[in-house]
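Engineer: From the two separate chains plus the hints, produce the assembled complex.
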Amino acid sequence: MVAHLLRLKITLLRNGLRRSPWQLVGLVIGTLYALGLVSLCVGGLFVLRQGEIGLAHTVVVLGGAAALLGWAIVPLAVSGADMTLDPARFTTFAVPLPQLLAGLTLGGLVGIPGVATSLVALGTVGTWSRNLPAAAGALVGAVLGVLSCVLVSKVMTTATAGLATSRRFKDVSAIVFMIPLVLMGPIAAGIMQGIAGSGDFLPRLAGTLSWTPAGAAWSLGGDVAAGSYGAAVLKLLIALATLAGLALAWKLLLQRALVTPPYGGTSKPRAGGLGLFRLFPGTPTGAIAARSLSYWLRDPRYAAALIVVPLMPVLLLFQAGQTGSYALLEFVGPLTAFLLAWSISSDVSYDSTAFALHLASGVRGIHDRLGRAVACLIVGLPAVLAFCVGPFFFTGDWTRLPGILGLSLGVLFTGLGLASVVSARYTVAVPLPGDSPFKKPPGNVGQTMAVQFGGMGALTLLVAPEVGLVAAQFITGSPLPGWINLFLGPALGLALFAGGVRLGGKWLDARGPELLAQLAINR
Amino acid sequence: MTVQQPDPRSPETPPAADLPAPPIPALSLRGLAKRFGPKIAVDGISLDVPAGSFYGIVGPNGAGKTTTLSMATGLLRPEFGTALVHGVDVWQQPLEAKKLMGILPDGVRLFDRLTGEQLLSYAGLLRGMDKDVVAARAKELLAALDLGTDAGTLVVDYSAGMTKKIALASALIHAPRLLVLDEPFESVDPVSAANIRDILDRYVASGGTVIVSSHVMDLVQRMCDHVAVVAAGRLLAAGSVDEVRAGESLEDRFVQLVGGRSQTGGLAWLRTF
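Quick note, the sequences are listed as chains A and B, same order. Mapping of the first sequence onto the numbering used here: residues 3 to 525, in sequence order. Mapping of the second sequence onto the numbering used here: residues 72 to 344, in sequence order.
Everything labelled a hint here was simulated from the structure, so no lab data went into it. Among these hints, one or two may not hold up.
Claimed, not checked - Derived CB-CB ranges, DEER-like:
#, chain 1, residue 1, chain 2, residue 2, range
1, B, G133, A, L15, 25 to 31 Å
2, A, A191, B, A207, 57 to 63 Å
3, B, D201, A, L34, 55 to 61 Å
4, B, N266, A, A251, 48 to 54 Å
5, B, D217, A, A96, 38 to 44 Å
6, A, L34, B, G133, 37 to 43 Å
7, B, R305, A, A251, 53 to 59 Å
8, B, D201, A, A161, 49 to 55 Å
Bear in mind that the values here come from a model prediction, so they are computed numbers and not experimental data. Beta carbons: idealized from backbone N, C-alpha and C, even for Gly.
So that you can see chain B by itself, here it is in the shape it has in the complex (with noise of 0.2 Å):
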């Protein structure tokens, strides 16, 4: 189950060259592990995710899935294991790797006393890029996440969808070949979600490779071609989502994987009123 189809689609498979080496991975990682006190909260995890793919990482609340992001995108230094993003170890050459990465963090703050175009401008700025280009990208940014109207406004009175939009931008804007997303539909609304998807589809239909994670069965199951399920910090299946959920519904499959689902035989009293 924890096979890896390289996919047909990626930038990375040489064409028919006389040396057919393996396709570099765009994500890469190899035993990662992390300990917080007493809780060992990843435990070895090893996944390679294919260039070009839409991959979700999907697991039950505190399975380690944020841990393991923010490891892979040089936020959190494992204790042990490697990450490497299209080859690039990200521990070894951080500046170098962290070029080619688009990051949407969980549970950080932005820098909110900026106005919506400003932190995006300075997201675009603090990687170099020039000046003009960010501002030609902010403004088409802001308009294809609906924030036009709200780029004047401090990102501290947005709405939570809208923090998390303009959060997006942020990791959009210096086109990364890989884009690593922790929870990017949470509290966003249902139009402004299939915006979303729809610009992270062309994204990956031109070479790009998108991680997110989620816990929206659903959504990982129409959206994805790969996934991986991670619980109590380790990797339960990976590949292709057709290869995980082997006939049934990505959700049921989960639940399989996962377990816990036993006590609710009990709670009689619930129907009592």
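Isolated chain A (complex conformation) (with noise of 0.2 Å):
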């Protein structure tokens, strides 16, 4: 039965493959990713090999607890990330209990991450390789950990599960999640700085959390080599009463799933109201507007990219905090527009195959792709005005504002402009409708990366005049580049705004079906 599993687990990663080759290109450049991170990390383990005891016992302790925390988060991060062995698809198979939790425990392995967890503990081997016992050691401590991460996951997606079928749970979850990746250089440098602070402090955490359950696993290797036998065997108890309580926990929720279906969240019936679709005209192309302003403060991966809008200057500023210097916050307006901008490229994409109905309805293309940019700039213009401007506040160079002004107002207009078109002719891999944010998207990665990189790219040729004059500007010192961009940005946007919405327009009137039937590969 375990053999089963596996073999299911395997057959369901192969068959993913067989749908489409740009499956295999996301597959192999993960891979590869996850190759490089891999042996980076067993070289430097390696390497440790040399090093003084303590210091290795410290950094595979902090490593292995590190490893922990990653699988017990990420799945909650990422709701329903790999469901691919749901165990409420084996409700109705009546699969003895033991040998399903051995089998999913297993297929947990089977993957990238699990394969990746796995080599790396493997690694921990070679840094206690100094002699027999202690290398045992290491190994029986690498086998507890990765059997814990693995447990450690599946007790946190089966607990969650219950929640994360809720819709408001799922929205909810994914943008508060947002917020701490974005601020994830803050963070870390704050910590960094503690950590300098106190010189002895990450030993002495290392010595803490090898006596808990986060630790003790990894701990087995550094303890045996540095001779400490009692303490090892009491570590080595410690592992195991680990595992045996994950496993207890996890047996216990998930009898308790398999025998309670899914509870798909209530919602009082509640009368209408036309919300947003008042407030537009209308037409078709106000309809449009009214519909993607709903989904940019509905739906949870259009939110996601709206909380990093606020975020940015924080990031931002915390920099300039760090450096001494405004000069990159200065630039925060253009940035955002650029990130609002280039956000419609994907509308599409995420509409999935709800274009049908704009399909079915013989919406015009220019009323579709109008409608839609229209939506960002309600959202974008204000934001990136006050972006541009609030800077100054802090600089005092108010000379500055007209050029950066001219360049955010280029960027945002151009950039409409260009996703307009490319939105109209291109799909890529996004998060389907009701998944997080963070769920790695089905389908066409290597047309994802090319769509995304060479709109980029083209964006930077389009406003490379406004760049070429705000970089004047700086060098010159003379103002009179700036006010040239303040004028020439707006106008020389609108016009490429103009002539994308046309454009766009006049493709997805024309490859409309061709466009659904993209999307619907991926449904």
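Structural biologist: Printed below as a string of structure tokens:
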């Protein structure tokens, strides 16, 4: 039975690849990336073999605890991350629970994260191959550690499975997890500073962790190498108890989950109300703008893009605080303009097959393009204007404002025009409607990267005049190029915007059915 | 068997004019064909759907019903063949043809982060209809389909049957002359299904044309006046229901036409427990 489940997982992976050669490209890229990381880590672990025992012990324990934390948290952020072996799907097969547990645990190791974690964990055996007992201790620790990683992720997904099926939880959690992710840099820097402040903080942290379930397994090799056999035995017991506890918790949760069908969450019946549709003119363009704007606010995939916007100045302010220079902060306006404008380049992909409604209604391409762009402008224009002016309250160098303002408006309008063309022709792999913004999207990774990089390259070329004028002002110090930019940016941007909407509309009219067919592949 | 009878109720029939031109069918397919990779999904289907008829398209799973209807309604470009809606070529004049049609496609998503009422209004406004007309019709449609109390609920939180109903309402809001409904009764409860049938019957009685695809033979036999049988991408039979079933029940006739009822002799172990 365990072998069956493993074979099922491998077959599912292989059949996933068979759907399109691009899936294979995506897997190869992912594998290469993981391989690079793994060889770096394993190499480092082997180098540590020569190092002092205390240092090696600290690194291995902290690394192992971090891995465990990762396995616990990532499945939560990426709700439904890997549900290929979702226990709920085995409900009707009456598989004996112990065998189901064993099979699902080993199945959790199949895949890039599982294999990578296992390889790095085995690398710790290299670190402790100073003598045979230490290596043996490290091997036992690695096996226990990796199994704990898989089990902890299973416990977390099973425990939150009930929550995760409720749409509201999914929507909110996806957005909440976005914030620490974006602020990763400042948070990490803060932690590093704290650590630098107290030199022996890390060894003490590792020492404490090694007596807890998080680090006990990873500590075995180091303790044996250091000759503290008593501690090693105790930690082995802690690690075994951890594993048993996790397995028991998972078993209980699973027993409950298998007989409790997922609960979809309730919503009180509510009477109508047209919401944003009331505020927009009753034309196809107006309706599309109202619909898009509703999605910007309601769909977590859009909201995740939107929540980055207020965090941008926070990030750059932090960076300015670190370096003492506000130079980058001045560019938060153009940067935001780029991010927001480019975000609608995957608008049709976000629609998925719901786009069929536009096609069936005979919406003219230009109305479709214009409506989506207007919705983005309503969100983007105030944000960009505020972010252009804001930084100069910090720097006080107001002579640069006209140039930056011109650049921002140029980037915003040019980007919207280009995105209108791109999304009329090419689909990209995005999370499906209702999925978490973090979920690995199905489909064509290769085309997605080609479209994204190609589009950004084209945008860079199109806004070259504005960039050039800003550079000229910064180099010469003369305010004149800035003032020219204030007029050139919007003028050129609006011209490209009009052209982009028109061309995108024409392409959409001509190739609507083909676009829908591309979208249907990934539904 | 592939003879179509012009329906006497058709509004297209000229009232005893001096030029008895043949009535223009509501939908006219000629040699439609589509291939997906090596698989031929639709292999040259020609079909006339008389105006004012209630037309059922039946076929086993994977027969090409959805592909045919997608090509007929402008959602999927055919490799060969033409589709005319009331004489307007769907692929030459798509905007004009789509004005005449209301479509309920099968297996596509909806803009489900809108509320039911918003989605319905969206469908109307996309057609270029007046805002007040849309608002009034949306209210009536929601009430007629028992969705009035859930008008303000997001469609993503609807049940499967409610989702089907709101999609049907979106296809009706611009009062099309031809309705193309792909599996309209799937997962709809019996009461709502009866309501929908009433709505469609009245629509046909006042001159509209309905095409439904289904594999529930009883439903088609009771509801439709014409039927076409499709299997493996080909048209096996078409005409009025009485012509096609030739004295038998539609289900028996369908199984005869489609075949595939042979290997039920085995499975002896299934009776051993």
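Engineer: Cβ-Cβ distance between A191/A and A207/B: within 57 to 63 Å?
Structural biologist: Distance hint for A191/A, A207/B holds at roughly 59 Å.
Engineer: Take the C-beta atom of D217/B and the C-beta atom of A96/A, compute their distance, and say whether it sits inside 38 to 44 Å.
Structural biologist: Since the Cβ atoms of D217/B and A96/A sit about 39 Å apart, the hinted range of 38 to 44 Å holds.
Engineer: Mind checking the hinted window 49 to 55 Å against the Cβ distance between D201/B and A161/A?
Structural biologist: holds (52 Å)
Engineer: The hint says 25 to 31 Å between G133/B and L15/A; measuring C-beta to C-beta, is that right?
Structural biologist: Given a distance of about 26 Å, which is inside 25 to 31 Å, the answer is holds.
Engineer: Hint says 53 to 59 Å; check whether the CB-CB distance for R305/B and A251/A agrees.
Structural biologist: holds (57 Å)
Engineer: So does L34/A sit 37 to 43 Å from G133/B, Cβ to Cβ?
Structural biologist: About 39 Å separates the Cβ atoms of L34/A and G133/B, which means 37 to 43 Å holds.
Engineer: D201/B and L34/A, beta-carbon distance inside 55 to 61 Å?
Structural biologist: holds (57 Å)
Engineer: Given a hinted range of 48 to 54 Å, is it respected by the beta-carbon distance of N266/B and A251/A?
Structural biologist: Holds: the Cβ-Cβ distance is about 49 Å, inside 48 to 54 Å.
The structure fails none of the hints (numbered hints given earlier).
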